[in-house]
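Protein chains in written order, with the UniProt record's numbering: chain W, 1 to 460; chain Z, 1 to 460; chain U, 1 to 460.
Simulated from the structure, these hints should not be mistaken for lab results.
As the structure is a computational prediction, the values presented were derived from the model and not from experiment.
Among the hints, erroneous ones may be present.
Identical chains share a label here; the pair holds if one copy fits it or two copies do between them.
[Claimed, not checked] Below, simulated SDA-like cross-link-like pairs (lysine to any residue); rule was C-alpha separation at most 25 Å, straight line:
{"#": "1", "residue 1": "K209", "residue 2": "S365"}
{"#": "2", "residue 1": "K209", "residue 2": "E438"}
{"#": "3", "residue 1": "K332", "residue 2": "L407"}
{"#": "4", "residue 1": "K418", "residue 2": "Q381"}
{"#": "5", "residue 1": "K209", "residue 2": "P440"}
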Amino acid sequence: MAWNTDLRWRLPLTCLLLQVALVVLFGVFVRYNPDADAHWVEDKQHANSSSDLDNEFYYRYPSFQDVHVMIFVGFGFLMTFLQRYGYSSVGFNFLLAAFGIQWALLMQGWFHSYQDGYILVGVENLINADFCVGSVCVAFGAILGKVSPIQLLVMTLFQVTLFSVNEFILLSLLEVKDAGGSMTIHTFGAYFGLTVTWILYRPNLYQSKERQSPVYHSDLFAMIGTLFLWMYWPSFNSAVSNHGDAQHRAAINTYCSLAACVLTAVALSSALHKKGKLDMVHIQNATLAGGVAVGTAAEMMLMPYGSLIVGFICGIVSTLGFVYLTPFLESKLRIQDTCGIHNLHGIPGIIGGIVGAVTAACASSEVYGQQGLAHAFDFEQHNINWSSSMQGSFQAAGIFVSLAMALVGGIIVGIILKLPIWGQPADENCFDDAIYWEVPEEHTIYVSHPEDPNLKPSEP
Amino acid sequence: MAWNTDLRWRLPLTCLLLQVALVVLFGVFVRYNPDADAHWVEDKQHANSSSDLDNEFYYRYPSFQDVHVMIFVGFGFLMTFLQRYGYSSVGFNFLLAAFGIQWALLMQGWFHSYQDGYILVGVENLINADFCVGSVCVAFGAILGKVSPIQLLVMTLFQVTLFSVNEFILLSLLEVKDAGGSMTIHTFGAYFGLTVTWILYRPNLYQSKERQSPVYHSDLFAMIGTLFLWMYWPSFNSAVSNHGDAQHRAAINTYCSLAACVLTAVALSSALHKKGKLDMVHIQNATLAGGVAVGTAAEMMLMPYGSLIVGFICGIVSTLGFVYLTPFLESKLRIQDTCGIHNLHGIPGIIGGIVGAVTAACASSEVYGQQGLAHAFDFEQHNINWSSSMQGSFQAAGIFVSLAMALVGGIIVGIILKLPIWGQPADENCFDDAIYWEVPEEHTIYVSHPEDPNLKPSEP
Amino acid sequence: MAWNTDLRWRLPLTCLLLQVALVVLFGVFVRYNPDADAHWVEDKQHANSSSDLDNEFYYRYPSFQDVHVMIFVGFGFLMTFLQRYGYSSVGFNFLLAAFGIQWALLMQGWFHSYQDGYILVGVENLINADFCVGSVCVAFGAILGKVSPIQLLVMTLFQVTLFSVNEFILLSLLEVKDAGGSMTIHTFGAYFGLTVTWILYRPNLYQSKERQSPVYHSDLFAMIGTLFLWMYWPSFNSAVSNHGDAQHRAAINTYCSLAACVLTAVALSSALHKKGKLDMVHIQNATLAGGVAVGTAAEMMLMPYGSLIVGFICGIVSTLGFVYLTPFLESKLRIQDTCGIHNLHGIPGIIGGIVGAVTAACASSEVYGQQGLAHAFDFEQHNINWSSSMQGSFQAAGIFVSLAMALVGGIIVGIILKLPIWGQPADENCFDDAIYWEVPEEHTIYVSHPEDPNLKPSEP
């Protein structure tokens, strides 16, 4: 198929239209919340807080910045492993995330921060907007290299909307706890992306096979993404937890789970290679599965050894997925999953949901203290209608709701993206920056001689 | 012209002399401020603060670290886009910033933290020193590739001095608000750098034309710089704002402006290419203009939609500047602006100054509250001499003062740097690391065979 | 010697065994400390603290994340300078650190956080575990390229154990202050690593000489490591200091020392090259020596000028070490120090210990205040048995204890690592990722033509 990939008017118009709409909607709806508003002394007295330090900003801002790095550098560079798709990986991720966070501020705002006709935003909204976009970055991994930037903007528009609805159902209707987003971000994002790539199946993708592999330095760029995701994941899972012990505990649990995950991912990577060699794909991805899988339970009393066990299992499952499941999905189910998000976000996301449900179901006042239990699960202390087993059931229901939303939404959005109007690349031009980017000509490589600063071209 | 580029004695002597002078001046002048001094209990009681948490450190340190990353990794890597100038971009930026922050601690200290014969430093001084050096990094962008490290040290010495004088005039005499430095950092830095490069005009620069373009991986290195600047800019604009709501608001406004800026920069980049392709130069630079342009107003009640509008405009203006204005400046005005700082810092800096003046002129007690207004603009609450329109006028005056300081200072410093004694490169050797660095010989590239770990050289 | 480098069963079994043991030990011993435990209201009342903000988390978490980045990105990328060892540098560092932090939580926990049969962990334990692993990363630098990942895991197991014993002797028995670890981390880590590489001496290492040099882009990757270490070092040295002024002061001192160190490292690098050119090795390493050398004294009243002097000296000494000492150690003492850790961590670590001893010996109540002195050095205020000269002597003793532990421990661990069972590479295969990693074939480099997105292979 010879689609027209010249985006000259379509991409600018899409961007400008979206941005104008955002400006108008922000003008109508978005204001600062009291912690960010200048009515400082008066409001402070109302809120009965004595110090500037009680401003939510100081509880959450460092975590926000870490999450911000994960979305833009973490996801962006993680996907630069392809030899000739680095501009697009980093650049399109940048574009879709910049659009997505604005749209998410509105969508999540209407559901969670709407008051007297206004969305009142503060640092927690910024974190949640980044989280929401994180699920789009996950889905991007499945379709990486096979879509145009317009398709990505369209997908972001719909996915952020669906994310917000799903999140509202889980957090507000089912009253599920999911601070690190195993269900809302990873399970939803992964199965949404897999469904979209299934709809967009390209039977002749082998035509761009030679560009689907990395080169040496592109793998090192990808490790920048991996490491910033890995290092800052404790901030991700603790960023919107309750102040104090919950944030503290979420960081510890995530740290433990991720550490264990590295060892089992390395073990499996070596064990599954005929000469025992390690595979960069596993190191770049499977080492992160432990962070995904404690997303729900990290703030609960999972215990450090519980976190280690979760990480242990996920390193193994995720690496096995890369070796056996991804090829199977592609050849049998026609699901072309460029980055293997099923192994990094899909299965670990579901595991995370289950771990969260089990941990919640086991919560008791012996472990949490009487007040601690009410505080941790957000119910009135003497509410006799709350029980941990009920919480566990609702948590489990959250997994299924997320999966259903992802599948239905993914089918609809996939069909929209299949329309031949978005400037998508032909099969033989996939995974190539040169379709959408000015790329430098690199025929002539100039070589410096230490003794002679004048350069002469080497033979091409 | 055949200058002598052997720096063997000149560079070491310059570095050692400057550093010895700094040691002596620090010995005479610099001490810890009370929050960093060990006289802890006694002073704490004097200061009447009950908790260690009230230490300024906890309000500012996370922002400081983000700013620090912007100066060293952000600016350093942003300039690695040139194919053979990565060592110098990162390395010289490292050198000038390491010198500049020490000299800035002194210069800014004398103006703002001088007490009883001593400069009392704390974390806010560290941030301000980084800010000051930020303006030097901006100016470096204009002359990148065409100067020696000695010239950079000399320029830093003078520019930090002028920066501090200009900052004193604006902040202390005109009582202007400029927390994110649209005027003091960006406008001043950009027009200073442009004036210097105008004085240093090289008519035969085309002789090193082939090295003025990027290679594939150098563009990815540059994206590391772009993204760390983009992500941490909310910290930059909020780092020295008042505690509480002002810091909080500055971060939100900057986040919004930057997000909008990405979409319009992408739109224009595509619209201005004959096949609609994106240009890495715009993605690396124009996406940041929104951060520059809310530098003054971010801590004010600019409102989220106001921030979006500022970002919207700057993404467009900055990209247009790269496409039309930079070539014009070079061919008609003989201003060779290597990184296009006029589009990233110059125009957006002036826009930022104007936005700040207008926002200040519109400040009212309805929006800020009575006490909030006095707090936000630092005047006694019942001072009837203060009016928002007056504040707006002084803000506007700050732009012109900064421009005048930049132009006059830039001419003087440019003339000094033109002296043929600093080891500057000849026109045909510009943009080449090999002049000032040991660079690895890369004739023989060793290629690994997955099946055979023994290496054999490929043909050169 | 033709060792078997196929790790297929050995590496997986090692990883899985270690991780299972860690899970069991965590299950038996590790629990949350009160600040991270959900028994929130009850415990909060016991602790008599009124606000969530008093949670240790908010004092230490931002510093923890900075330290975390230093260990994984800082050390990992610093070692990517070799042309064909980037996967191993980043990947093996990732593996050993992920194992090491878990084992360190246990070892350090038994010594310092053991209570009623449990190790109670919180954010400070996470920082200390990262610190402990930092010393392993240091030692890794000496043997980089010459060992298998199994050897690294074995070394980590022993080194973390010895580190914890040494740290216990210094901090708990000698009551030494060493917040930034000049002695416990750098001196111990460096001389341990140097002893191990001395035992593992490879007389025929010249056979892989061609891979011991960098290529252009590998040096830029290494600068990512350098800069993140440099920028976050103020957090490293202040992360576990006392709340308030001590943390604040440690950050300021480290900032100053590092800045001065850059200028003198550059000066010496240029002065020692026959044409005055800079050497990337010095910029990547010697610029960091100032951070190492204020590790002990940064939290003391070293004064900003004192910090500058320390940085000044270390930039010189470290660069001289790279030029003269490293070749001497290799040719005369048969110590093959791949990254030159002796110059970055060894000598500066000892200097740091001495500076700390002298600064402590000079501590007086005039400078610290009466209560400040007791607080800074952790003794009862009216304890007449404490004197600053005694503190200084104990500090000095700490250097010798660390050296002795490093040498004895290094010999034992070196002998263990010399056993021919760990899959170490042959001399001609050192510094080559292809032994332990799947590496992409790079015979055919595809070149994009801006005008023609279809790719054609260039000649190999």
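**Item:** Status of P440 relative to K209 across identical chains (alpha carbons, at most 25 Å)
**Value:** both (22 Å within a copy, 14 Å between copies)
**Item:** Alpha-carbon proximity context of K209 and E438, limit 25 Å
**Value:** both (22 Å within a copy, 18 Å between copies)
**Item:** Intra- versus inter-subunit Cα pairing at 25 Å for K332 with L407
**Value:** Result: close within a single copy only, 18 Å intra versus 58 Å inter.
**Request:** Have a look at K418 and Q381 and pick one of within, between, both or neither, based on CA distance no larger than 25 Å.
**Result:** Classified as neither; 51 Å inside a copy, 61 Å across copies.
**Message:** If the cut is 25 Å between Cα atoms, do K209 and S365 qualify within a copy, between copies, both or neither?
**Reply:** neither (56 Å within a copy, 64 Å between copies)
In summary, the structure is inconsistent with hints 1, 4 from the numbered list given earlier, while agreeing with the others.
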